[in-house]
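Take the sequences, apply the hints, and build the full model.
Residue numbers (my numbering): 3 to 500.
It is worth saying that the hints were derived from the structure and are not from the lab. We put the CB at the ideal spot given by N, CA and C, even for glycine. Treat the hints with caution; some may be incorrect.
[Claimed, not checked] Each pair of labels, with its calculated beta carbon distance range: (1) K170 with T372: 25 to 33 Å; (2) G375 with T405: 23 to 31 Å; (3) T314 with A259: 37 to 45 Å; (4) I376 with K128: 20 to 28 Å; (5) D374 with S290: 40 to 48 Å; (6) N349 with G261: 19 to 27 Å.
[Stated by the list, open to error] No more than 20 Å apart at the CA atoms, straight line, and that leaves these computed lysine to any residue pairs for SDA-like: (7) K128 with I409; (8) K352 with Y287; (9) K283 with G261; (10) K330 with K352; (11) K352 with H295; (12) K330 with I301; (13) K150 with R167; (14) K128 with L166; (15) K150 with K170.
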Amino acid sequence: MGKHPTDRREKSSTQSRRPKPYGSRPHVDVLFEGAPPTKQNNPVPLPPISGSRNFNSASVRSADVKGKAKASPPPSSDVPTDINDLLGREEERSGGTFIIVAGSYEKLLYGIEGSFRPGEHKPTLKPIFIFPAHLGCVKAVAASPGGKWLATGSEDEFIKVWDLRRRKEVGSLSQHSGSITSLHFPTSSHLVSTSVDATLSLFRTSDWALLKSLKGHSGRVNDVDIHYTGRVALSVGKDQTLKMWDLMRGRGASSLALGQEAELVSWSPTGMFFAVLFTHKIEIYSLSIKLLHTLESKIRFNTMTIASLPSTDPDGQPTLVLCVGTEKGVVEVHRLEEPIEEGDPWNVIKISTLGGHTNRIKSVSTLDFTRDGIASTLLSSVSSDGLINVYDLSPVMEKSEETSQPIATYDTKGSRLTCVVMADGKKEFKASKGKVNKRPEDEVESDGDTSGSEEEGDDDIYDASGDEGEDGEGEDGVEVELEEDEEEEEEEEEGEVE
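Here it is as structure tokens:
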């Protein structure tokens with residue numbers, strides 16, 4: 003994770019480099035391919051790069067986080083340098099391929115394609131694009147389920163949207179007035195972003211319209227994660243609170259004081275619990291916001307993700323693991339064992355360590371992957387050492403307490419990597435099934451700022467499933483219950499209309 007940018011944005015060097023003019027009220031700028039620019043819809047262009055300009059040129063320079071100019075690391079010689087070839091090229095993908103996208107302090111965006119040959123257990127990593135994507139450090143990347151859309155966020159306060167399959171820029175979203183801190187696609191049809199400006203934004207990908215701007219945090223929002231149903235979001239911020247959001251209505255649902263600032267929050271793949279990361283500990287909570295377990299360490303925790311490992315037994319249950327990137331340059335893998343009976347303690351057991359880095363881990367991402375008919379889980383990690391590592395988590399269960407080395411590595415030659423996401427363009431996302439239970443009133447106090455958005459409406463602003471059945475249930479029968487009083491909601495909404 004590293005340190006967050008300062009809240010004093012007016013003194014930052016990236017603020018002075020923002021394209022002008024920038025109105026007092028943020029708006030959404032999107033240019034679709036083939037659409038002419040208008041005064042209301044002006045795209046934010048990529049840094050000027052001519053067709054003959056080579057990224058290996060010594061004239062390509064960037065600013066580090068302290069504002070000192072430095073030469074960007076040169077890409078490999080087999081990377082296309084013509085901007086038209088770089089973004090407009092269609093490539094055939096064979097079976098068994100995945101994409102890794104990583105951002106850096108040097109404003110560069112790396113796109114790496116991994117491919118498995120039949121019968122081989124180690125992928126080949128090939129760079130497919132490397133270019134400066136923003137005017138400031140790239141802070142966040144996210145890929146939509148299925149690998150269609152790619153979103154990148156930066157200290158320059160813009161969110162860039164890319165068509166990952168066609169390798170083309172779609173446009174820029176300028177809703178936020180501060181550095182982008184996290185991005186998340188709950189479904190292929192929606193994007194959620196967070197920022198230093200204390201807000202969360204919900205966009206619709208069909209036309210990239212802003213559906214809702216959620217306000218409730220009193221300072222920087224550090225991270226957001228969405229329940230697999232797409233109906234509930236969790237966020238953590240500088241104000242030392244955990245907030246739950248009802249995405250169906252676009253309003254705050256509840257708030258919990260954490261006592262200290264949390265860096266990240268992550269739902270489990272089953273949606274039955276979630277984890278909150280602090281600098282030296284990780285807390286695991288139930289759906290009723292009850293603390294289940296605390297994992298502590300003297301070594302700083304920088305990033306985490308919860309993954310599901312497929313069982314080798316056809317009738318067996320998947321194994322849930324917590325993967326934690328540390329300041330020491332390793333990724334710790336902990337097996338999460340839920341208690342058989344309610345009230346029993348959880349078991350969180352360290353089963354492996356992933357090596358291969360020489361500096362702090364900045365970000366990790368996992369991908370459920372199938373090759374040669376065998377299901378596995380891949381993990382990619384990026385570090386300040388400039389390496390992008392890929393691991394196969396499936397053998398981890400068989401090599402308890404051993405240090406595992408990456409099955410593939412790509413070296414960016416010194417780029418200070420900040421964030422990473424894995425995507426598989428050949429498969430659509432299928433979430434595990436679960437149920438979100440109602441939270442008891444005595445454990446979570448209601449968030450009084452239910453007006454924490456710019457607009458209120460009577461209808462659902464966000465169709466999470468896209469195919470709902472009767473009684474508000476999706477086709478999988480999942481029903482999300484939130485601690486909201488319907489009568490109070492209606493009175494509030496009527497009052498706002500008046």
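Starting from the hint list further up, note which numbers the structure goes against and sort them upward.
none
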